[in-house]
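Peer 1: What follows is the residue order along each chain.
Number of protein chains: 2
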Amino acid sequence: MSSIIPVKLPQNPYNIAIASNSLAQLGAHISPLNLGKKVLLVSSPEIFDIYGEMAINSLKQAGFEVINHFIPAGETYKNLDSIAQIYDTAVAQRLERSSTFIALGGGVIGDMTGFAAATWLRGVNFIQVPTTLLAMVDASIGGKTGVNHPQGKNLIGAFYQPRLVLIDPSVLKTLPVREFRAGMAEVIKYGIIWDGDLFTQLEAAEKLADFSDISETLLQIIITRSCQAKADVVSKDEKESNLRAILNYGHTIGHAIESLTGYSLINHGEAVAIGMVAAGKIATKLNLWPSEAEIRQNNLIQKTGLPTTIPSSINSSEIVDALKIDKKVKSGKVRFILPTQIGQVIITDEVPSELIFNVVEELKR
Amino acid sequence: MSSIIPVKLPQNPYNIAIASNSLAQLGAHISPLNLGKKVLLVSSPEIFDIYGEMAINSLKQAGFEVINHFIPAGETYKNLDSIAQIYDTAVAQRLERSSTFIALGGGVIGDMTGFAAATWLRGVNFIQVPTTLLAMVDASIGGKTGVNHPQGKNLIGAFYQPRLVLIDPSVLKTLPVREFRAGMAEVIKYGIIWDGDLFTQLEAAEKLADFSDISETLLQIIITRSCQAKADVVSKDEKESNLRAILNYGHTIGHAIESLTGYSLINHGEAVAIGMVAAGKIATKLNLWPSEAEIRQNNLIQKTGLPTTIPSSINSSEIVDALKIDKKVKSGKVRFILPTQIGQVIITDEVPSELIFNVVEELKR
Ligand SMILES: NC(=O)c1ccc[n+]([C@@H]2O[C@H](COP(=O)([O-])OP(=O)(O)OC[C@H]3O[C@@H](n4cnc5c(N)ncnc54)[C@H](O)[C@@H]3O)[C@@H](O)[C@H]2O)c1
Ligand SMILES: NC(=O)c1ccc[n+]([C@@H]2O[C@H](COP(=O)([O-])OP(=O)(O)OC[C@H]3O[C@@H](n4cnc5c(N)ncnc54)[C@H](O)[C@@H]3O)[C@@H](O)[C@H]2O)c1
Ligand SMILES: [Zn+2]
Ligand SMILES: [Zn+2]
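Going down the list, the sequences are from chains A and B. The opening position of the first sequence corresponds to residue 1 in full-length UniProt numbering, with each subsequent residue numbered one higher. The opening position of the second sequence corresponds to residue 1 in full-length UniProt numbering, with each subsequent residue numbered one higher.
Keep in mind that the hints were calculated from the coordinates and are not lab data. There are no misleading hints in this set.
No more than 20 Å apart at the CA atoms, straight line, and that leaves these computed lysine to any residue pairs for SDA-like: (1) A:324 - B:92; (2) B:38 - A:325; (3) A:153 - B:84; (4) A:324 - B:91.
Partner residues aside, some chain A positions facing chain B, computed with beta carbon under 10 Å: (5) 83; (6) 92; (7) 122; (8) 145; (9) 149; (10) 159; (11) 160.
Bear in mind that the values here come from a model prediction, so they are computed numbers and not experimental data. All C-beta atoms, glycine included, are put in the ideal place defined by N, C-alpha and C.
With the hints as constraints, model all of the structure from the sequences given.
Peer 2: Right, dumping it as structure tokens:
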């Protein structure tokens, strides 16, 4: 099973290739792009242990000279120091303008490798080989690359498009279930904001909460349609001026919950799941969509093993306050993405604070 | 006297405005661009001492909120650490996507401020206010931004276009004469590679070796035509695939001389001057252009107070060897830009090493 999604950016068109066991064909997928012979494979030791040999063998077989660079796993290493270390390897190994940086890993590795590729020699070739569901359906598409500043996430970065995104769904078999579900939160998001058909297919599945619950066919559909959704949205708005905002569905209250719980108790996907539940309820209360739709959304979130309630430890007014300092706030008004039906949303800054507060209170467990 | 050069890049068109005493109008020049109210003015303490107040007053008068950031003068500070410090100021002062980074200084300040602007929040507005002749006619145009790696110059960077380049030729009155001449080397380069008329006007001037030698009218012409030449070339080849290579006229042997003298004895402009003399002689020996043209070129270089001979301390075969490890070498062949007449050059990799050696020997003083 395999699919190709062409991302039709005027200046930098590229393909997203989705095929089971394609990691073993990495080299063959890159060859037609006519890039230089030197590749820098960036990964974490953990991921490299499992998938490094397969990637390297296929690259060597296709005639590439492979240099490895490791970054320890985890968001804490997503900083400028790690980028400086990639530069050091690049200079020591004499990587050239025609060389290619390959990210083999989750969103953290992808964002950093992309930023290093964007800025080494003012831009070398970049290829994404995402190994988490979140990186497959979200982080690897859209050209956002970058690192964190000690004072805030993703403050340093560049828009930089890859030459290829190669997705091998079979690598998800080793992904911890909580990480898998974090990716599923974004998948459900695409179902609500863009692709009602994807939503229906997810609804039809008996189980969804783990890699082993899902047939190869359904997984291929999930990844392909999600990538297509994100590619559609970002192609229409490459530099994030308006439409792209809909990708923040569930993220408004989600981000507030993540930051109030110190980015540890609740992970990004879980926070987005709760954020979608909250946004869905706001939409119902504003009569934007029928309550049956809200129930369908929440059932799907539950079936995926994601949370639908807010920890009682969080103070509701703290959430409302946190919204106001979020960067998506324009002139004091909080911008919400709210569904009008499954598969469609609107952008609005007309949600009264009391309504947000009440919805948050209702969702306390 | 004032000129406007529109740089017609398909995605990021902008203007180069050249006008005497325009620094005092900086704010008024920016206002029509409809950017955010916050500006970060990046400069060195030395330049700020002379021109900072004028710039800030005009910005404040136009309603901007100005934040200052200082980087010590000099190429040694052109590194990732200085960029990290700009980020720290940006986060501390809550600069936003709509904010504008302004570079007030020479090429070092311009390259760094541009790179910080390219990578802060994945790109904020950027304005160049070059204060050296080299930065006016070369560094501020073309979108190359970046910093040095300990192992090599300009290895880290991005292509990022400014929203405006504002050139006030009158600030050159405080520029040390050696820096002024370094800029003149690039001006003469444009005369040879692109604009024969500019060359003729330079030839017609009685004196050229210092700011005070040159009339306001001629200086305006020099800067305008040079900017136009560079803008023409880079607009036709934004990402440096082929035509842009002609900007390296004089730089092939020039770079070798710079690096063999440790970037101190001979500055960039002086090295380029010598490099043009060498390339001109190679062209004569290959019968590409008449020896009268070579003589006219060399006379102009001399009138500008730039060197035309190679220090005898440098070994000629070291120069030939250095050419081969330069990054402009493709598959072992050294690429030369050679004039065919005043105002026109060709790109060739067909110059025999013996010829290069002999020419270098001839130029020894
Ligand atoms: N660029 C974008 O548009 C974008 C979008 C969303 C998120 N992001 C970024 O992505 C990052 C989050 O990405 P993530 O969720 O992939 O996290 P991650 O990269 O930290 O990966 C999560 C964990 O899974 C491990 N892992 C990865 N693949 C594995 C596999 N196949 N088997 C076993 N373990 C595996 C990793 O080592 C890591 O410990 C954040 O930094 C976020 O800012 C970027
Ligand atoms: N981006 C590009 O396309 C490009 C092109 C050419 C060069 N460059 C870069 O530009 C840099 C060289 O630029 P530069 O020659 O302007 O050097 P510079 O920025 O170091 O300035 C030279 C010196 O002049 C001083 N100075 C600047 N303006 C002054 C003024 N008006 N009065 C008195 N003193 C003043 C500076 O403080 C400095 O000491 C190099 O780093 C080079 O890599 C970039
Ligand atoms: Zn998300
Ligand atoms: Zn130069």
